[in-house]
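Residue numbers (the numbering used here), protein chains in the order written: chain A, 54 to 355; chain B, 187 to 309; chain C, 397 to 479; chain D, 5 to 240; chain E, 18 to 1059.
Heads up, a few of these hints could be off.
[What the hints assert, rightly or not] Ranges of calculated distance between the beta carbons of each label pair, as one might list FRET restraints:
# : chain 1 : residue 1 : chain 2 : residue 2 : range
1 : E       : K1004     : A       : I80       : 36 to 42 Å
2 : C       : F415      : E       : F45       : 50 to 56 Å
3 : E       : F1008     : A       : S108      : 47 to 53 Å
4 : E       : H1026     : D       : M5        : 55 to 61 Å
5 : E       : A525      : A       : I56       : 34 to 40 Å
6 : E       : K447      : A       : R330      : 54 to 60 Å
7 : E       : V1024     : C       : F415      : 45 to 51 Å
8 : D       : L184      : E       : I1035     : 40 to 46 Å
9 : E       : T917      : A       : A348      : 52 to 58 Å
[Claimed, not checked] Computed cross-link-like contacts, EDC-like style, restricted to lysine to aspartate or glutamate with a CA-CA straight-line distance of at most 20 Å:
#  : chain 1 : residue 1 : chain 2 : residue 2
10 : E       : K600      : E       : E445
11 : E       : K552      : E       : E885
12 : D       : K6        : B       : E300
13 : E       : K604      : E       : D498
14 : B       : K308      : E       : E1030
15 : E       : K170      : B       : E191
16 : E       : K41       : D       : D164
17 : B       : K255      : D       : E50
18 : E       : K84       : D       : E42
19 : E       : K948      : A       : D332
20 : E       : K40       : D       : D164
21 : E       : K84       : E       : D208
22 : E       : K84       : D       : E50
23 : B       : K308      : E       : E171
24 : E       : K170      : C       : D476
25 : C       : K421      : B       : E300
26 : E       : K601      : E       : D498
27 : E       : K1004     : A       : D332
28 : E       : K948      : C       : E475
29 : E       : K554      : E       : D498
30 : B       : K255      : D       : D164
31 : E       : K1034     : E       : E171
Calculated directly from the structure, the hints in this document are not laboratory data. Here a beta-carbon is modelled for each residue, glycine too, at the ideal position from N, C-alpha and C.
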Amino acid sequence: MNIFPRIVFVLLGLFIVLNWGLIMAGIIRKIIARLGMRRGIKVFQPYINLIKNYSIRSQLSHGVMFYLGPVFRLSGGVGIFLFMPLIYGSDYWSNFSFTGDLILITYFMFFGMLGMALGAGEGGHPYSAIGISRGLAQFTAIEVPMTLAILSIAIQYQTLSISEIVAAQQGGIQNWTMVTNPLATIAAMLSFLGAMGHSPFNVVMAPQENPVGPPTEYHGTFLGVLQTNRAILHVIEAVLYMNLFFGGASNWGVLIIKTFLIYFWSVFVGMVFPRFRVDQSIPWFLKIPLVIGIAAIVVFII
Amino acid sequence: MKIFELENISMAAGFLLLMVGIWGIISQRNIIKMIISFSIVDTSIHLLLVSIGYIRNRTAPIIGEGVTKTDAATQITDPVPQALVLTAIVIGVGITALLLTYSLKLYRHNRSLEINHFNSLKW
Amino acid sequence: MIQIILLIVMAVIMLVMAFIAIHHKSLQVAVIASGIISLFASVIYIFLAAPDVAITEASIGSALTVGIFFYILNKIRHEDIKK
Amino acid sequence: MKILRNSALLLIVGFMAWMMIHLYGQYESRDALNPVAEYYAVNGPEETGAANLVTSIVVTYRGLDTLGEVTILFLTAAIIGLLLRTEKGSRKKSVRESSEFLSTASGILIPVITLIGIYIFMNGHLTPGGGFQGGAVLASSFILVLLAISNKRIGHRLLDYTEAISGISFILLGILGILLAGGFLDNRILPLGNFGTLFSAGAIPVIYSLIGLKVGAELSNVILELNQIQGEEEEL
Amino acid sequence: MVNPIYIIAVLLGTAFLLGLFRKKGFEFGMALGMLAIAFAAVISVHWFIHLYSGTEGGLNIYTAGSKPPFSINLFMGVEESFFMSAINILGLLGFIYLFRAFREQGLKSSVLFLVLIMGMNVLIMSRDIFNLFVFLEIVSIALAGLIYLKRGKESAAAGFKYLIAIGVISAMLLIGISFFYLFAGTLNIDDYLQSNTLPVKGISVAIFLMLIAILLELKPFPANGWALDVYEAAHPGISAMISSGTATASIFLLYKLLPLSSLDWLPYLTVIGAVTFVGSNLLGIVQKNSNRLLGYSSIGQIGLMIAIIGLAPRLGDHFNFIFVSIFISHFLAKAGLFWISGIIMRSNIREWSVLRRNRLSLFMFGLFILMLIGFPPFPSFYGKWQLVMDLAQHKSFVWIAVILAGSFIEGIYLFRWFGYAMKEQDDEEKKIIFQWEKLIPPIVFSVLALGASYYTNNLSLLGPTLNLIPIYFILALFVLDFLPAFVKNSLVIAGMIIYSVLLYPSIADDTLRLIFGGIFMVGGVLTLFAGYSEKGKREGFFPFAVMMYAGLIGLIQAENLFQFFFSWEIMTLGSYILIIRGKKSMKHALNYMLFSLGGAYLIFIGFALSHIGQVTFDLQTLSSTILPGWTYTLIAIGFLTKTAAIGLHIWLPGAHAEAESDVSPMVSGILLKAGVFGLVLLFLLMGAEQAEQKNLLYILGWLGAITALGGNLMAVFQEDAKRLLAYSSVGNLGYILFALAFVTHVGWMTALTYSVNHFLFKTLLFLAIGGVVMRVKTHNMYEMGGLIKQMPLSFIAVLIGIITLAGIPPLAGYGGKWLFYNAVLSKGWYFQGMFIFFAGTIAFLYCFKLIYSVFLGQPKDKFRQVKEAPVWYLIPQIILIIGIMVFSARPDLLLKPVGTMLSQSNYFPTDPLNWENVTASTDLGYWSGYKIMLVIGVMFIILLSWLLLMSRKAQKIKQFNIVYAGERPFKPETTHFSHNMFSHFYKALGFLSIPVVSAFWNGLNSVTHSMAENTRKIYSGNGQTYIVHIMLYIIIIYMLMF
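Required output: the full structure, derived from the provided sequences and hints.
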């Protein structure tokens, strides 16, 4: 396909994902509030926030890296979107996934994190750095079961291409990785909890309650960019898990349902469990999820 | 009568003396005593050497009374060890003199003649 | 035969002297004993047909060595007196 | 503790004895000269002209040993000098009155003893005795001189000159051997003369006399150095 | 030709003559003495030249006009003339050296010296056993006197001990000689040997006594306490004579008398020598007194020579070469070191730092030390090489191990000492005069050492093939050291560029060598650029920098094992000296050197094993070794030492961190690749089948994985920026190791990609951080902060560096990661792979810490005026960044040729990578570096524009203004959060970083030290005890032999 139509479809996809991300965030928060016997925000509150932030006029910049931080962050989110095939069997909705495979996406996640960390770092507020150090530390541990799960899938399907992994899961729920490789799925879903940063692994964001931290140091347009990114990223990460473990999506409807459910999983767990400290969460990831991950590989070696 | 011949006895005496000398060297802490033991060892070795050169019933290796030039080979004892002993004796004296001078020197430095007092250098 | 007996006697004396030289408390006695050893040795050399050696041993090994010994002993004693 | 130490040391002596018994056990009385000694016995008198074979061996065949031996005495004297030298380099003059008796006695004795010494080394090629023995006798006469006279500087210089000149002459004679005869220290640079007389055996009497002088000077030097210790050294 | 007997006559005559001189004639007397020794030296050298070049067998000198055995005869052969020349030259220089001592102690003392020389000459020439005894006594007595030259209590005690020990020994010798005469009927060596009769019964004991006495003269461990006291107490000029002179004579004596014995002495000699070599060196470890230390070393070296004599039958024709090369090294170096010791008059080895006040003596000191240890290009290196090779041919593995162990132990204390001289505090208060007459002898010996090295190179079996151009260049730089730094820097850069251009055609076809050669040479030039920022002369830097690069490039060029090893050692040496130049690097440089030395010896043994049964030393011989398991394991461990695999890594962090700013990138970014190159070469030569079969690879894989994890984990907890980078190098080398262990096409491609990547980003990072460190003068990151304003370019460099390091797309590092996944999946090493990936995420932690702590946050008050890093640091950084960018966009530029090369190597016939334009794909996945770069770039620009558009009115505020967060700290109290940043991580996983490895090596170290400390207690200082030792030694050897 030519490059221009592709760009059009990419932009279209991005638009859908962004909106779905914002709405999903609203819905989820509403659900949480209701479960907590509160009224909660409006479903469209994220839209309001976004528009408000983009239109705030008084803005401060601490320096170049502070400025670039959100760009990196958003590039990370958008980049993952760009390299991710969205809809199975549709060339239109496969974005730029031909340039790289699963590994690319795994590693590109760091791109945004790094930029964010640096940007927040330049803000000069110590809590930013504390939050980042916690986040990074926890992330190392999260990555282990995730890697094992990815390896397990790669062994299972003998490919690293996401499109091919999705293709291999077609033909009914019995072909989903969730069923054919439950151990890898469990490991990956556990690490997904950490990756989403909800309770009990939300210690990274804890400085917010002080009430400072990486996102709060940013404001105005910068915060708007970050919120945009968050909306995109939540959806696209869910899409990744969907593609890998839950049979992908053959149309937008399926995609929306599946991503919602996947995302809701993390929120749901967070409502039930109390928060971990970082030095607790790291060993936790290196115990049960690790064992499950190893088991997922051992199954395929034997 | 292998054992009770002159050369055997003197050689045995030499060996015994050597042992006594060695005993003296390693057992006596007084350095003068050690030097005396050294000179005993020297004497014992000289005795051994001369015994080695001795041939029964022969005379000293000097041509003159009783020894003719022509028959010297069957009449005299071995001159070589004697020549060696001469040298060895002089060397022995030299070393003894040196040892004694050193002992005097050591005495001046340490006010002692005990060998185990000169151990400032070690390890 | 007499020679042999004499030799044995001298050898025994030498050994006794050697023990005296090593174990006697007085250094002077020890030095004299060692001189006697040399002296007897030089007699044995004559028995063993080595007159050259005998003379040398007597003059250098015995007399001169003992002399030097006494010289040094004297000096050492002198040191003690002086200090 | 002492018993333990001594028995351990005795054990060492025992082992040494055991080693020496091996040597002794191999010893058998000799009944003939070995080829080397036989050569000396047969050809020695002819080649060197000396009646005393020990002398011929000491002075010529094994002359290099003798040179070394003389050197050792020389070294000894030098080392004793070095060791006992006071830091300032100047020796305290010890002025001691010689007793009347000693000076008279030595007046008679010194020439006699010196003559005996000279006789011994001059006749070294004929009779028992030679340079070393004669040298020792000379040294004893020197001790008498030492006791008799009080000015020792002269004695010291004399000794040094005697020592150096006799030593160098010894070497020069040796070199003459290379140039005129068969090799270093060959005695045939002088005619062998009549066998058994004083002036025979080529250079042997000369060399032996030089050895005698040198040994005498060296031994005297040793004694002199020892005598000059003044015990004033205050070293570390 | 002058009859050599004139040597004796002249020396002795002069000695007698000097007895006449009084104080006034001192100068004249000294001149005479000097002339006499010079005469002896000239004659002996003349004889040597004549006999060596001619066909004559030598000259028999008869005395007394009759033939031996009836008279004493001397023999002047080529060996005799060689050793005599050595002794006489030594004597001449020693005489000059002792000028002042002689003046203080009187001319009589110089007489002793002359006689000593004379005695040694005769000892070498004489063929008569009793004559040997007499002159041995002369030598001993002369020494006994000279020992007191220094005067004092210690000298007197040492002299006395020496005399009584020699007394016992010579008594044994004389008994032996007496009974030898009784049984053999002759005193002449030749006569006895020619008699051809069966050995007489009983003579063996006599000969035993003679030989053991000579052996004891050589001070075998442990019957050598007296000798050590002498070395310590005597005047250094005399110690030099003992160590180099009398030892030479004695060992020649042993060599001469050895044929007398019908018993097989040789195995015993080997054991005695080896025990002495190892034992003496071991005790040297705990020695603090320099002269005594030199004594231990001397005894050790003589032990080695004894062992070589014992091993002679296995060495065959090479014996002479080996012996002489070891001998000459010991001879020159030991005398030189003793002489230097006498110049500086410091007895504690720590105080040798005064050497730094005189460059020349420091240079000579280093030269002699290296010569002793056996570094190239000194003769001992060639000697040890040949020795080990020949021993391997006879499968004498135990001896190889013992000899190298001894050499290693020697290296420990010699390099520690060298470190003290280079780095220990120098008490400026104490004055020191470098007297000219004392400097002459060591200078002459240094020149002789260099000459001997050149000559050995020509003489050795492989030498002339060596490429000497770099060596000459290094020497020229030593000479030109007075020039300003920038001139020399330009010279070196020009030299390297020219050499690279010349080199290029020869390696253009060989991709492997091209890659590593490129890393070494391009990297070399780039890192040298940073050197332009140094002011002044920068003495002693450039020769060693070139030495390191010469070694590296030598590895590339090496055609045979010898050249490879030669280059390896040269490289190690150069880098060691570069590292030790750092401020606090003394201890670390020592660690580095010891690990390198140990590794080099393992490689050495491996090479020797592979040489078994081979004629040539061609590199290909590695592929047909008969002991593949041992060969490959040893060589691999050797290379792993250089790549700092975990367990062998403890030298790296300190060495790399404490080195100078521009040296760190050299050693970290470039030097480490030498080990990688070695491993690649090894695997290539091993051949695929060999490699596959071995469990070795599996172990190597795990080792790599654990190294990666351990290295990165340690890096996270560092506060020192350079140390962090150094640990990161450990981790990165772990990746490379792991990938190499795959021995698959894609695995190797990963390893090579990683090598290039690591070179690019680690050099970049070290340069950038080095530039920062130059400005802020500290390594501690928590003391920095907010430097982005002052050093924007450095910040960008570090940013690019860490993105590459962490493997984040789109930069080149990601290529490595992608290949990694493919490699792991195709090989099936999932769990090791998991370690690696875990390590990869951990890397992220320290990357952040590095860039954040240094550049972001709030700046410290004192660093607000610092400038950007020097421009000479920035230029290479920019070039490296360009390199990273090019390589990120077009990885095919590298990967395609590598793939082709690997396919051609008969090793991995199929290339699993398919290229479609610039998109690579495997069975598993695909990757298009160019397109990724494009997509991300375009997207980034769009988003940036979007933000710029939206926030165009943003107001710029200072770093201290964090008012939005509700905080406004006072300026000096910054809120920079940096120290102990990952404490929570430490709580969770810190237990993995407990330094067990350091604990192990420290434990080993302390065990060795306490062993040495306890063993040396046998040297109680009591002369009688020493005699008991001697007797026990005789008894024990006797019991062993009979």
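Here is how each hint holds up against the structure:
1. At roughly 38 Å, the beta carbons of K1004 (chain E) and I80 (chain A) sit within the given window of 36 to 42 Å.
2. Checked against the given bound of 50 to 56 Å, the beta carbons of F415 (chain C) and F45 (chain E), roughly 54 Å apart, stay inside it.
3. Distance hint check for F1008 (chain E) and S108 (chain A): the Cβ-Cβ separation is about 51 Å, which falls inside the suggested range of 47 to 53 Å.
4. In this structure the hint that H1026 (chain E) and M5 (chain D) lie 55 to 61 Å apart at CB is violated, the actual value being about 31 Å.
5. Taking 34 to 40 Å as the suggested C-beta distance range, the pair A525 (chain E) and I56 (chain A) conforms, at roughly 39 Å.
6. Evaluation of the 54 to 60 Å hint for K447 (chain E) and R330 (chain A) yields a pass: the beta carbon distance comes to about 58 Å.
7. Separated by about 48 Å at the C-beta atoms, V1024 (chain E) and F415 (chain C) satisfy the suggested range of 45 to 51 Å.
8. Range check, L184 (chain D) to I1035 (chain E): Cβ separation about 57 Å, and the 40 to 46 Å hint is violated.
9. Range check, T917 (chain E) to A348 (chain A): about 41 Å between beta-carbon atoms, so the 52 to 58 Å window is missed.
10. This hinted pair checks out: K600 (chain E) and E445 (chain E) have alpha carbons roughly 18 Å apart, not beyond 20 Å.
11. For the given pair, K552 (chain E) sits about 17 Å from E885 (chain E) by alpha-carbon distance, which is consistent with the 20 Å threshold.
12. Using a Cα cut-off of 20 Å, the hinted pair K6 (chain D) and E300 (chain B) holds, with the two alpha carbons roughly 16 Å apart.
13. Proximity of K604 (chain E) to D498 (chain E) is assessed by CA-CA distance (about 26 Å); at most 20 Å being required, the pair is judged violated.
14. Of the supplied pair hints, the one linking K308 (chain B) and E1030 (chain E) holds, its CA atoms being roughly 12 Å apart against a limit of 20 Å.
15. For the hint pairing K170 (chain E) with E191 (chain B), the CA-to-CA distance comes to about 51 Å; that exceeds 20 Å, so the pair is violated.
16. About 16 Å separates the Cα atoms of K41 (chain E) and D164 (chain D), which keeps this hinted pair within 20 Å; it holds.
17. Restraint check for K255 (chain B) and E50 (chain D): satisfied, since their Cα atoms lie roughly 9 Å apart, inside the 20 Å limit.
18. The hinted pair formed by K84 (chain E) and E42 (chain D) meets the criterion: a straight-line CA distance of about 14 Å does not exceed 20 Å.
19. Of the pairs offered as hints, the one joining K948 (chain E) and D332 (chain A) is violated, with about 40 Å between alpha carbons and a cut-off of 20 Å exceeded.
20. Note on K40 (chain E) and D164 (chain D): the hinted pairing holds, with a Cα-Cα distance of about 14 Å set against a maximum of 20 Å.
21. Using a Cα cut-off of 20 Å, the hinted pair K84 (chain E) and D208 (chain E) holds, with the two alpha carbons roughly 11 Å apart.
22. Distance check on the hinted pair: K84 (chain E) and E50 (chain D) sit about 15 Å apart at the alpha-carbon level, within 20 Å; holds.
23. For a cut-off of 20 Å, the pair hint linking K308 (chain B) to E171 (chain E) stands: about 10 Å separates their Cα positions.
24. With a CA separation close to 18 Å, the supplied pair K170 (chain E) and D476 (chain C) stays within the 20 Å bound.
25. A threshold of 20 Å between alpha carbons decides the hint, and for K421 (chain C) with E300 (chain B) the separation of about 14 Å falls inside it, so the pair holds.
26. Proposed proximity of K601 (chain E) and D498 (chain E) is contradicted: the alpha carbons are some 24 Å apart, above 20 Å.
27. Under the criterion of a C-alpha separation no larger than 20 Å, the hint pairing K1004 (chain E) with D332 (chain A) is consistent with the structure, at around 6 Å.
28. A distance of roughly 101 Å separates the Cα atoms of K948 (chain E) and E475 (chain C); the hinted pair therefore is violated under the 20 Å criterion.
29. Only pairs whose Cα atoms come within 20 Å are accepted, and K554 (chain E) paired with D498 (chain E) is accepted, the gap being roughly 7 Å.
30. Straight-line distance between C-alpha atoms of K255 (chain B) and D164 (chain D) comes to about 41 Å, which puts the hinted pair past the 20 Å bound.
31. For the hint pairing K1034 (chain E) with E171 (chain E), the CA-to-CA distance comes to about 19 Å; that is within 20 Å, so the pair holds.
Going through the hint list in order, the structure does not satisfy hints 4, 8, 9, 13, 15, 19, 26, 28, 30.
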